[in-house]
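For chain A, the structure is supplied; the task is to place chain B with the ligand on it using the hints.
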Amino acid sequence: MTERVDQRVPSSRSELDPALVAGAEAFARTWATAVIGSSYVPMTRAEVAEHLQSLTEVLVSALFANPFRTAPGYEIGSRLVEAHFTGTDTLGRTVQLLGDDLLTELGIGVDNRMSSRLAALQGALAAGYARALRERTLAEQEAIRAAVLDARDQAEAALRASEARFRAMFTEAAIGIGIADIEGRILDVNQALQDMLGFSVEEMRQYNIRDLMHPEDSGNVWRLYDQLIAGDCDHYRAEKRFHRADGEQVWTHLTLSLVRDDHGEPQYQVAMIEDVTDRHLLQNRLRYQALHDPLTGLPNRALFLERLGRVFAAAAGVPGRRAGLCYLDLDGFKVINDSLGHDIGDQLLVEVGRRLDHSVSGDGKLVARMGGDEFVILVEGSESTQDIVNVADRVLHELEAPIKIGGHELTVSASIGIVERPLEGTTAADLMRDADITLYWAKADGKSRWALYNPERNAREVARFTLSATMPAALERDEFYVDYQPLVRLADSRITGVEALVRWQHPEFGRLAPDRFIELAEETGLIVPLGRWVLRKACQEGRRWLEEFGDSAPFVSVNLAVRQSRDPELVRDVKRILDECGLPPHHLQLELTESAIMGTADEPLEALRALSDMGVRIAIDDFGTGYSNLAYLKHLPVHELKIAGSFMEGLRAADEEDAVDAQIVSTLVQLAHALGLGVTAEGVETPSQAKRLHRIGCDTGQGWFFARPGRPEDVDHLLRGGL
Amino acid sequence: MVERPGWASGDIDLERPSVARIYDYFLGGAHNFAADRAVANRTLEAMPELRGVVLTNRALLRRMVRHLLDLGVRQFLDLGSGIPTAGNVHEIAHRVDPAAKVVYVDVDAVAVAHGRSLLLEEPNAVALRADVRETKTVLESAEVRSVLDFDQPVAMLMIALLHFVPDSDEPCRIISEYLDPLVPGSYLGISHSGFEEGEEGEGAAEARRTYSSQVAQMTHRTTGEITSLFGDLEVLDPGVVRMPYWHPESPDDVDEASARFPGFAALARKR
Ligand SMILES: C[S@@+](CC[C@H](N)C(=O)[O-])C[C@H]1O[C@@H](n2cnc3c(N)ncnc32)[C@H](O)[C@@H]1O
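Residue numbers (this note's numbering), protein chains in the order written: chain A, 1 to 723; chain B, 1 to 271.
Calculated directly from the structure, the hints in this document are not laboratory data. Computed from a predicted model, the values in this text were never measured in an experiment. Every residue, glycine too, gets a C-beta built ideally from N, C-alpha and C. Hints are not guaranteed to be accurate.
What the hints assert, rightly or not - Here are some, though not all, of the chain A residues that point toward chain B, as calculated from beta-carbon distances under 7 Å:
| # | residue |
| --- | --- |
| 1 | S39 |
| 2 | Y40 |
| 3 | E82 |
| 4 | E140 |
| 5 | L282 |
| 6 | Q283 |
To be verified - Straight-line distance between alpha carbons at most 25 Å, and here's what the computed SDA-like set of lysine to any residue pairs gives:
| # | chain 1 | residue 1 | chain 2 | residue 2 |
| --- | --- | --- | --- | --- |
| 7 | A | K443 | A | V528 |
| 8 | A | K365 | A | H342 |
| 9 | B | K270 | B | Q217 |
| 10 | B | K270 | B | D169 |
| 11 | B | K136 | A | A158 |
| 12 | B | K136 | A | L366 |
To be verified - Restraint ranges, calculated between C-beta atoms of paired labels, are given here:
| # | chain 1 | residue 1 | chain 2 | residue 2 | range |
| --- | --- | --- | --- | --- | --- |
| 13 | A | E183 | B | S212 | 53 to 63 Å |
| 14 | A | M114 | B | P238 | 42 to 52 Å |
| 15 | B | Q217 | A | T33 | 34 to 44 Å |
| 16 | B | S228 | A | D234 | 35 to 45 Å |
| 17 | A | R223 | B | S212 | 47 to 57 Å |
The following block holds chain A by itself, in its conformation from the complex (with noise of 0.2 Å):
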């Protein structure tokens, strides 16, 4: 660096005395001795030495120099300093050395010229010296004092670029930017939240961070604001809504942060807001979305069950409030849809969502389509089941004005399961399901009408549906069997038959009649199967009676219902049966209702007649009940008539006879015989009753007065005499 040592003083050692030299390089090592250490040279002890030898080589010439001149000594004295001997002891104990030694080293004698001429020249050196370190010394201050600007500079110019990026940082950012004292006064605000706000710089530094107070706030963000403003927390985000200058409103995520001072006090707060009012809007319009039915512009299933679950998260604990429900579906849609086409079905779909929004407007209630041709009406805080009734009158109503669609007149009707209860008790979930069952009900009880939900209706189905389902599993598990009621011979009282009767011994509701299964069984096709268990279980039991009891061996009566007179498997499966068993076909007889046989096309009168022709008998049950066309009976393959039970109501005592019942049956009787059939009364309770039927000339009897259904042991006993 400057510092650049030029330890290489012009030599004039030749010029000098062996004798001299050696004093002189006895001075150095005296004078090295003496410096060293007061200031620090970059040199090894050795070379100082030389370094120190040459200079009093310099001298010692000067001395004897012709003409004399300080000249030397002047330079000498700014050699020292060049070469950093710039301790504050250097020169005073130079200057002395060279006086005290200097001389004697030399072996000189002290005269007056050398003493003089050594003054002189260490006069010159002192004076060189002084003025050489003076300069060192200011040229050194005044590098230093540079360097101090220089740095200075460096580090205002590195602030003032820094500076410059965070202003660019600051305008520039796409994010709004807002700075404001600690008593919200804003004091400057970037172009982005000019921009989003609409104000310019000057009109926000009108403003307090008070004054941006949105009444959609929540309670969270000025809540937050005063504790950052206090110290507490150093910064907080929030979503906010903003005014713009145009009256709009921006929606917004904003940070706010608080900056202290050196001391840690609260100084400035800085929010950096952030413009959502896009995505806001879009992910209102995708709920919107997500909860309205695009068709018809009414709330979809979602929407409605949130609903329906906040009418209940706030009635929790509130005992008393109410709530109804109609659950509403078209009728026939589904024929206006395919006949006329989907475009026509959902025009009528709007008009439909229309007018039920139109007749149901109002606090509290919602009108919602659940999907297809199904709508929902929710009514909040209803009083009582009436006000629901009303609602769903006025939409049945409402809907009555035909409803025009490209040139189509069309009439609709909709059927309407209400429920309306308590709250307390029930859940979203049960009314709803309540509902749909209900507006199943009104569609079963004809349409276009409503019905209310009934706890006891619905328990009767739920049975229904239990027994209709735990059916199959019964058969398999043997819970069926068969009861057997006698047939008796009214001349002689002797029981020629007996009447299979199935029943269910239910693991849950007990022993079950027919009445309580079969239509059931009927519905879901398991007559068919059960039908056909029946038949051989009684065939069984037939054949173990001819075998016991020979000759008096009764037949067994099966009832065979609607739907397996109608199977096309009925003849081969009664052989089989009868068959397997070994029983002879006039051991059964086969009764069938009324309208089983009546009402039925050529087939089935077909297997009739076959199971006739094998030797099967054909009763008719219930006969008397139903629409008969007697003349009709003589074509038919039956053998028995059973008069329903309901005719012995007129013959039940001896004084007060029923002239109609008793004729009715006189003449069904007298009918019967005429066409060669035999007559069984059904119902016979006492022993009038049976006296009159054998007046009458009624064949068989059958009823308590004889006996009641039993198990086949029961009917054994009586077969051995036991009536």
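Chain B with the ligand in isolation, oriented as in the chain A frame:
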């Protein structure tokens, strides 16, 4: 908003004494201000031998650089280089090989500004303003990257530096982060103010207290502690020794006081 480095504050306070300028004053320089000299003189009063200690340290720097040049090293990373004054590393090096490279690093803005102005015409030496504790900043600086060739050995000098780095700043980690990118055959030279346990005299303690409270916190270390700074480097002869004993140039440079000299030095090689 965002934090700025403290040194960018533009705050260069001449009233605050500086390690670099006080050191310069001890060496006999005039690159210093009244505040520096006042503290320097106060410490000197408590410990008159301090000037000699500083001179010995500066002489050690010279010996070590020459030694490294003899070992064939031509690249120097001088950490905590101080104010350029008599006997700078590049001057010593360039007398042997003008192509030798030197990077001076110091945290003192004024020292570095001065260095930069002196080195304007000097292609093979640069000065970098950085805190040596920020090893990444130093190693990835344009100065270091452009001047030093990391495929060749580098001599890293930490002369009279580490007693300004307390244990909490993890000097061992700092050292190993510097050594990491250096090729085997590179060197680490350290001189360090310190005593063996219980050796520090009253005057020295007083001087240290003055210095610590008014200039910079000082951490004296023992031979053992200094040895452990070298980690798994190969410490070259004569090991970690009192500064005057490290390759003295003349018997006269060593005296009875050398055995109690308050500072150690060593040179080590990366294997
Ligand atoms: C006593 S001087 C030594 C100068 C030179 N190395 C010598 O021995 O001649 C110590 C130098 O280290 C510098 N220094 C101290 N701590 C430092 C750090 N953390 N980073 C950079 N330099 C530092 C000081 O600014 C000062 O210039």
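Tell me the numbers of any earlier hints that the structure contravenes, in ascending order.
Result: hints 3, 5, 6, 7, 8, 9, 12 and 13 break, sorted rising.
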